[in-house]
Amino acid sequence: MRIPCPYCGSRDIGEFVYRGDASPVRPAADGAEAAMFAYVYLRDNPMGRHEEHWYHTQGCRNWLVVTRDTLTHEIPSARLAAPLNAGDAV
Amino acid sequence: MGDGLEISEVTGLGLVAVMARKGVGAEAIGQRLGLAPGLAAPATPHWVGDGALALIGTGPGSWLARSEAPTAEWAETVIERLAGLASATDVSASYRVFRLSGGDAARLLQRGAFVDLATPAFAPGSVAVTVIAHIGVIIRQIDETSFDVSVFRSLGESFHHWLTTAAATL
Amino acid sequence: MSRLASGGLIDRTRRLRFTWDGKALEGYHGDTLASALLANDVRLVARSFKYHRPRGILTAGAEEPNALVTLGSGAHADPNTPATTVPLTDGLVATSQNRWPSLRHDVMAVNQFASPIFVAGFYYKTFMWPKKAWEKLYEPLIRRAAGLGALSGLPDPDSYDREHAFCDLLVIGGGPAGLSAALAAGRAGLRVILADDGLEPGGWLLSCRDTIAGQTASNWARIAVAELGIMANVRVLPHTTIFGIYDGCEYAGVQHLGAGQPEPGQPRQRLWKIIASRALLATGAMERPIIFGGNDRPGVMMASAASSYVNHFAVAPGRRAVVFTATDSGWQTARDLIGAGVEVAAVVDPRGGGVPVDMAGIRRVRGLVRDVRGSAVRGADIATPDGKVERIDCDLVAMSGGWNPAIGLAAHLGQKPVWSEAIQSFLPGALPPGLAAIGAASGQFALGAILAQAHGAAAALAETLGAGGHAGEPSVAEDEACGVAPCWHVAGARTKAFVDFQHDVTDADVALAAREGYVSVEHMKRYTTLGMATDQGRTGQLNGHALLAAATGKTVAEAGTIRARPPAQPVAIGVLAGHHRDEAFRPARLAPSHGWATALGASFTDAGQWKRAQWYAQPHESDWLETVNREVLATRNAVGFCDVSTLGKIDVLGPDAGALLDRLYINTFSTLAVGKARYGVMLREDGMVMDDGTTTRFAEDNFFLTTTTANAARVLQHIDFARSVLWPDLDVQATSTTEHWATFSVAGPQSRALLADLLPEIDLSNAALPYMGARRFRWNGISARIYRLSFSGELAYEISVPADHGPALAQALHEAGATPYGTEALGVMRIEKGHPAGNELNGQTTAADLGFGRMMAKKKDFIGKVMAQRPGLTDPARPALVGLKPVDRAQRIRAGAHLLPVGAKPVAANDQGHVTSACFSPTLGHAIALGLLAHGPSRHGEQVVVHDPVRGADVLAEVCDPVFVDPEGVRLRG
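Chains as they are written, first to last, in my numbering: chain S, 504 to 593; chain D, -8 to 161; chain R, 571 to 1544.
If you are wondering where the hints come from, they were derived from the structure by calculation, not from laboratory data. The beta-carbon is built from N, C-alpha and C at its ideal position, and this holds for glycine as well. Errors might be hidden in some of the hints.
FRET-style restraints, in silico, Cβ to Cβ [claimed, not checked]:
{"#": "1", "chain 1": "R", "residue 1": "Gly1466", "chain 2": "S", "residue 2": "Glu577", "range": "42 to 48 Å"}
{"#": "2", "chain 1": "R", "residue 1": "Gly1171", "chain 2": "D", "residue 2": "Gln22", "range": "39 to 45 Å"}
{"#": "3", "chain 1": "S", "residue 1": "Arg522", "chain 2": "D", "residue 2": "Asp41", "range": "38 to 44 Å"}
{"#": "4", "chain 1": "R", "residue 1": "Gly1466", "chain 2": "D", "residue 2": "Gly75", "range": "39 to 45 Å"}
Some residues of chain S that are not near chain D, with every Cβ distance over 10 Å (derived) [as the list claims (entries may be wrong)]:
{"#": "5", "residue": "Glu518"}
{"#": "6", "residue": "Val528"}
{"#": "7", "residue": "Ala531"}
{"#": "8", "residue": "Glu536"}
{"#": "9", "residue": "Ala538"}
{"#": "10", "residue": "Thr575"}
{"#": "11", "residue": "His576"}
{"#": "12", "residue": "Ile578"}
{"#": "13", "residue": "Ser580"}
I would like the entire structure built from these sequences, with the hints used as guidance.
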């Protein structure tokens, strides 16, 4: 399997570390325990397109948001999780 | 193919990891470091510059500044010069750098690296941060037949073992 | 000898000698082991798996189920190799398998008379009870009776390597379709890889008598390969099997190097990983047998194999043949045999019809071969539609039941094949992304049509992919007849009729499976083991499915076929491992002082990938404990030093560096003064401790963070996640500097004096460099750092220099009189000081469990803060860090032992925790330990039982403070 790293190009999956669903957002400080519990533990298991966090640990060391089809493993796109600086368009 | 292979080690390098601050672009960093006029720090996995100063792209907004004959203060000078534009730190001793030259160099590297190293995907000026034999590497193509491969110092012996084992079967 | 006087593609000028079961034989260059054996009239080559029936050579390709042999001897022995795929080399040593005491006299052959216990599912039925008898009695018995070749048990003397490739088009298979496609794509300018699993590309073209563009087919193939060979954009991989298709258009293959025998210093096989935008499946088709009595006897052969032996290898596989065919291609075999001077006694075809004009005089029988007679074929009983049975003498039965496209690869990503009534077999349905089938793999069997279709497919791809060149014109050939009638099974056989030759599965086994309810092909496969041998049922599987369909009243299309999975061919583990074996199994990280320590005679231990000096034994020391005790006492009483460069080091830089660290650690770093260090603990978001270490501030925007050796990469990943995903608004940068610095801990009451001599430029007084202070300085002109940190509890410093200067610093410290100590002494001193390390940071402990509860800041958010406050994580009954001392000071405590109340029964319900770290403390003169004990901090002074049922008796221990030495910290502030 290959992941199209926006900076490095197409790379073998072995260069990456998988984290999981990219959609949960960390609750703000002093948030309720229930919200934090949901953020830490509760995950959907969708069939089809899924946005996931992957870390390019053996490449550019960026966290990516990778769109993957959980049914076909097709990876149509990947983007950097953090916003880029001006002039660093990739 | 098959013009042989020469493997040597490049020592005495000055290396500084450069990471742009928020909102600072590649051009400003290139200018501040005094690259040739109009030459930006590369925004893609490429390198620019010469032996006195080269900038090697290792990620978005991150580079290795490289000098072949650094003075004792070179790294500190680079870090100071970038103040306010980029965070930077001396990593001169972090890497062992192997130079592979000859017609078989690309073939040997392709035995190890699972990235396309053939032209036009990869050419002089290209850089790839990737893995060879489970060891993280920075491959930098210098000209048609020569490459620098940088590995973390602690892994130098293991990488050298792979180099010599794989080269023996070319 | 059965070698024909002329013809074939063998080189009669190059004689090769080889041995078969010790007997010296000869063949020619260009032979396979199988063709050479046939040429020497060796017909019996193996004994079958279960019944030890005599078996001969069935096929001429990789699908061979019977002729499995062991190549080489000693460490080089390579078992279970199909003789049909082995290129003959001079000096080849081959032996038969699964026979005892010899191939001709196999005492185990009695199995076939005892066959009722070997029916389908016999493993499940016969050996269910008693359970113990399975291990002691049945399994060894079965393994001896039913087995394949044996591994040598010695290290593999051969080497393997790997290569990666990228292309626009991968052509899988170098037969007519593959060559035609590769030529078109190559001429058009695509980057092409052609992988062919044969000893020489060409596939069926090397075995047929057709002509292409006025050339013999084999000549055309050789010219095509030569043309491909000079195209710079085409790479031909001969003798390379593509064995798997993976996600992302990734193809894996194994190339066999050196034509069967590796050249000196060269690898035996090479693993290929290929990324191909597009691929064409040109794997051809495999002829399928017909199920009749004795269809496994030596002398029964696939018709196409008979043609191959005659045309390609110039070997007559028999003297008098019966051709049993339901296909038009079987008639071509009859022609080939006649052309080679083999008498064709009859062509038996279930279809009606006459004899082709060019075969006038050949007898055609409308009927079926019901049984063959003889241990090796001596005759065949032919059943005709009028119910009569005629016996015809022969020594060869060439059978052709139809052609199965070789489409296993096309199903590797889960796609299901679809039934084709026209070819009476399955074809690829949906295909993996980027893959298309051409030639026989797509159900196209006529040569002229194959060449045109493959060329067209490749030319169209070239256009789609934007290749600039011209694909040229396809070569022209005649279209031969390729009709087929369904013919799976001959009813009424008097003898065993085999479906899966390699696993000895018969028609009766399939019928039994159906009767017992195994009516899905996947269940029947597992119940009967049909298709589960090393040949994966290439020849017999579909026949089994057809039988099951018939037995359950379904069509073959309805019964379906099993899911094919990678690898498509058996793959040696060695080639997957490549160079990564023995010492190079995984990369080793060497600390800066490694070479220096090696010269000093250090012993090393693995810490992840790192090799760390464990201790530095001196010649007079008799065991490691004596060495470690000396190293600890030297440090506590004078001065010692240790390479601690393996700890993770991360520069956290930028205006918001302090803010980020506040969110990463339970305690506060933004208030840390420049030039000072602070110990910190970070949690995972679920509230458990992730890592700990000291962080030093060198400037407002410059923090230097350390991690444990084990967690260095994980912490950097965590920091990158925090700064790019959680808080991308923070202006903070981070990079690893682990590899840049060689760091030595210099510890002991004399450390200051020693360093004052060594580093006269630095003021080491308490005022200038107090405990937890840090400074940058220059050592011999190079940048260096000194930190007043202590892990040992002694007055101690850590000194860092660029890693390439590490050996020089180690040498200088040693020469100045410091005693080098290793990780074992380091561990003893940290246990004496009650510092948690990897054994305590086990992913299940909270900050409070480890005694850091009060470090948790109340006024700021940090990762793990909310979850750490859950009731289950703040329960005072949670096992928490304590020290343990044996009440009888002569006794020993071991890590891993459990802690029980005194007098309690040793059952899980009474378990109150466990010992995490233990050692002998030379400072105190007795054993000490750290443990996690329920209500631990409030139980100092109590006694508990240290229960260690695995390694020895219980030990009574006293619970105490985890800091055994200098609890007030006087020494380290000294």
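_Does S/Glu518 clear chain D by more than 10 Å, comparing its Cβ with all Cβ atoms of that chain?_
About 6 Å separates S/Glu518 from the closest Cβ of chain D, which leaves it inside 10 Å; violated.
*asked:* Please verify that the nearest CB of chain D lies beyond 10 Å from S/Ala538's CB.
replied: The assertion about S/Ala538 holds, with a minimum of 28 Å to chain D.
*Distance restraint hint 39 to 45 Å, applied to the beta-carbon atoms of R/Gly1171 and D/Gln22*: violated (54 Å)
*Outcome of range test on Cβ distance (R/Gly1466, S/Glu577; 42 to 48 Å)*: Between R/Gly1466 and S/Glu577, where Cβ atoms are some 46 Å apart, the hint holds.
*Between R/Gly1466 and D/Gly75, does the C-beta distance stay in 39 to 45 Å?*
violated (54 Å)
*In this structure, is the beta-carbon distance linking S/Arg522 and D/Asp41 contained in 38 to 44 Å?*
holds (40 Å)
_Confirm or reject: S/His576 is not an interface residue toward chain D, with every Cβ-Cβ distance exceeding 10 Å._
holds (18 Å)
*Was S/Ala531 rightly flagged as not at the interface, with every chain D Cβ beyond 10 Å?*
Non-interface label on S/Ala531 holds, nearest chain D Cβ at 21 Å vs cutoff 10 Å.
_Checking a non-interface call: every C-beta of chain D should be farther than 10 Å from the C-beta of S/Glu536. Is that right?_
Answer for S/Glu536: holds, closest chain D Cβ roughly 32 Å.
*Are all C-beta atoms of chain D more than 10 Å from that of S/Val528?*
The assertion about S/Val528 holds, with a minimum of 21 Å to chain D.
*Can we trust that S/Ser580 is non-interface, i.e. its beta-carbon lies farther than 10 Å from all of chain D?*
The claim holds: S/Ser580 sits with its nearest Cβ about 16 Å from chain D, beyond 10 Å.
*asked:* Beyond 10 Å on every Cβ pair: is that true for S/Thr575 relative to chain D?
replied: holds (22 Å)
In this structure, the hints that do not hold are numbers 2, 4, 5, in rising order.
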